[in-house]
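Visitor: Numbering (the numbering used here) for the sequence shown: 492 to 555.
Everything labelled a hint here was simulated from the structure, so no lab data went into it.
Don't take each hint at face value.
Stated by the list, open to error - Distance windows between CB atoms, simulated:
no.	residue 1	residue 2	range
1	P493	P541	15 to 23 Å
2	S515	P493	27 to 35 Å
3	T530	P493	18 to 26 Å
4	D538	R498	33 to 41 Å
5	S505	R543	15 to 23 Å
6	R554	N525	19 to 27 Å
7	V552	P511	13 to 21 Å
8	S537	P493	22 to 30 Å
9	P547	W522	31 to 39 Å
10	P493	D538	23 to 31 Å
11	A492	L544	19 to 27 Å
12	P493	T514	17 to 25 Å
13	A492	P547	13 to 21 Å
Fair warning: this is a prediction, and the values are worked out from it, not measured in the lab.
Every residue, glycine too, gets a C-beta built ideally from N, C-alpha and C.
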Amino acid sequence: APASTFRDGPAPLSAVVSDPDGTSVGELLVWVENGYLDTLEFAWWSDDPPERLPSPECVRVARK
């Protein structure tokens, strides 16, 4: 696949994660190196860590 145009570091995206009720519970942080995905972090906003990554339908992505 071709490399993205994003520079190295965090991608300029907002990826908010919601629970099934629509409540925001965290965010995904996408890190890029040399135009490709380097790291994906799931930052949650509660005391209980998630057991798995969220399903795509629970993520709202917007460009910053």
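Visitor: Look at each hint and say if it fits the structure.
Guide: Here's how the hints hold up against the structure:
One distance hint, 15 to 23 Å for the beta-carbon pair P493 and P541, is violated here, with the actual separation near 31 Å. Checked against the hint of 27 to 35 Å, the C-beta distance between S515 and P493 comes to roughly 32 Å, which is consistent with it. Checked against the hint of 18 to 26 Å, the pair T530 and P493 passes, with Cβ atoms roughly 20 Å apart. At roughly 34 Å, the beta-carbon separation of D538 and R498 lies within the given 33 to 41 Å, and the hint holds.
Between S505 and R543 the beta carbons are some 21 Å apart, a value that agrees with the proposed interval 15 to 23 Å. Taking the beta carbon of each, R554 and N525 are about 20 Å apart, inside 19 to 27 Å as hinted. For the hinted restraint 13 to 21 Å between V552 and P511, the CB-CB distance of approximately 18 Å keeps it satisfied. For the hinted restraint 22 to 30 Å between S537 and P493, the CB-CB distance of approximately 37 Å leaves it violated.
Between P547 and W522 the beta carbon distance is about 19 Å. The supplied range of 31 to 39 Å is therefore violated. A C-beta distance of roughly 41 Å is found between P493 and D538, which places it outside the suggested range of 23 to 31 Å. Range check, A492 to L544: Cβ separation about 20 Å, and the 19 to 27 Å hint holds. The given range of 17 to 25 Å is broken by P493 and T514, whose C-beta atoms sit roughly 36 Å from each other.
Between A492 and P547 the C-beta distance comes to about 18 Å, which sits within the given range of 13 to 21 Å.
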